[in-house]
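Chemist: The primary structure of each chain is shown beneath.
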Amino acid sequence: DTAVSQTPKYLVTQMGNDKSIKCEQNLGHDTMYWYKQDSKKFLKIMFSYNNKELIINETVPNRFSPKSPDKAHLNLHINSLELGDSAVYFCASSQVRGTYNEQFFGPGTRLTVL
Amino acid sequence: AQSVTQLDSHVSVSEGTPVLLRCNYSSSYSPSLFWYVQHPNKGLQLLLKYTSAATLVKGINGFEAEFKKSETSFHLTKPSAHMSDAAEYFCVVRAGYSSASKIIFGSGTRLSIRP
Numbered sequence: 005d006t007a008v009s010q011t012p013k014y015l016v017t018q019m020g021n022d023k024s025i026k027c028e029q030n031l032g033h034d035t036m037y038w039y040k041q042d043s044k045k046f047l048k049i050m051f052s053y054n055n056k057e058l059i060i061n062e063t064v065p066n067r068f069s070p071k072s073p074d075k076a077h078l079n080l081h082i083n084s085l086e087l088g089d090s091a092v093y094f095c096a097s098s099q100v101r102g103t104y105n106e107q108f109f110g111p112g113t114r115l116t117v118l
Numbered sequence: 026a027q028s029v030t031q032l033d034s035h036v037s038v039s040e041g042t043p044v045l046l047r048c049n050y051s052s053s054y055s056p057s058l059f060w061y062v063q064h065p066n067k068g069l070q071l072l073l074k075y076t077s078a079a080t081l082v083k084g085i086n087g088f089e090a091e092f093k094k095s096e097t098s099f100h101l102t103k104p105s106a107h108m109s110d111a112a113e114y115f116c117v118v119r120a121g122y123s124s125a126s127k128i129i130f131g132s133g134t135r136l137s138i139r140p
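Protein sequence lines correspond, in order, to chains A and B. Counting from 5, one number per residue, gives the positions in the first sequence under the numbering used here. Counting from 26, one number per residue, gives the positions in the second sequence under the numbering used here.
Keep in mind that the hints are not guaranteed to be accurate.
Once the Cα atoms are required to be at most 25 Å apart in a straight line, the calculated BS3-like pairs of lysine-lysine come out as [as the list claims (entries may be wrong)]:
| # | chain 1 | residue 1 | chain 2 | residue 2 |
| --- | --- | --- | --- | --- |
| 1 | A | 45 | B | 127 |
| 2 | A | 13 | A | 44 |
| 3 | A | 48 | B | 127 |
| 4 | A | 75 | A | 44 |
| 5 | A | 26 | A | 45 |
| 6 | A | 26 | B | 93 |
| 7 | A | 75 | B | 127 |
| 8 | A | 45 | B | 67 |
| 9 | A | 71 | A | 48 |
Which residues of chain A face chain B? A partial, calculated answer using Cβ under 10 Å [said to hold, decoys possible]:
| # | residue |
| --- | --- |
| 10 | 10 |
| 11 | 67 |
| 12 | 68 |
| 13 | 92 |
| 14 | 96 |
| 15 | 118 |
Hints are computed from structural coordinates only; laboratory data are not their basis. Glycine is no exception: its CB is placed at the ideal position from the N, C-alpha and C atoms.
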């Protein structure tokens, strides 16, 4: 069973469109994250949710809106897509409890904006 | 403030020779340190972690790392490289243990293995 899953795996779309990426984890973790990996492989955290509440919100354009309907899901909606949004987006989860706080990553969603 | 520096963007070794991937960090708090591996077109997989227990940490696939506070380093090593080790490796620092603790990824080191 996949621990952290993302859909879709690939997403090709035109500039100006709105798209969503879904993430689900079946690990019972209380914290979920979205990361963006650019073409140089640099990974940057975008958002973090703990028990459905936003706790980390890095300097991300407000075109990006995360939504957490429950602890097991964290979806990412992107409005008015731009060329610079092309990247691989990774979802991750963790159970932050003392020192046991490693993250488990999904397989990634490769977004290409044309 | 926290930061993490991976000193080499690319390391190339021959199969069967030792691997050393270097990572230096800075953190205002007691850090948790991690190494993740990313194979081509795949997600990230945890190799090992340091969380203030033993300073020498053993991970999967024969990798290990040593936390050296005096040198603020957490270098990743493996005695004998295998072709399947070719991947991108990320050093990660997390300051603090709460869900709001900042997580910083290094810029990555690409490991190539020569036959």
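Chemist: Now, for every hint given, state plainly whether the structure supports it.
Modeler: Going down the list of hints, with the structure as the test:
no.	hint	verdict
1	A:45 x B:127	holds (19 Å)
2	A:13 x A:44	holds (19 Å)
3	A:48 x B:127	holds (11 Å)
4	A:75 x A:44	violated (31 Å)
5	A:26 x A:45	holds (22 Å)
6	A:26 x B:93	violated (39 Å)
7	A:75 x B:127	holds (20 Å)
8	A:45 x B:67	holds (12 Å)
9	A:71 x A:48	holds (19 Å)
10	10	holds (9 Å)
11	67	violated (23 Å)
12	68	violated (18 Å)
13	92	holds (9 Å)
14	96	holds (8 Å)
15	118	violated (20 Å)
Violated hints, in rising order: 4, 6, 11, 12 and 15; the structure is consistent with all others.
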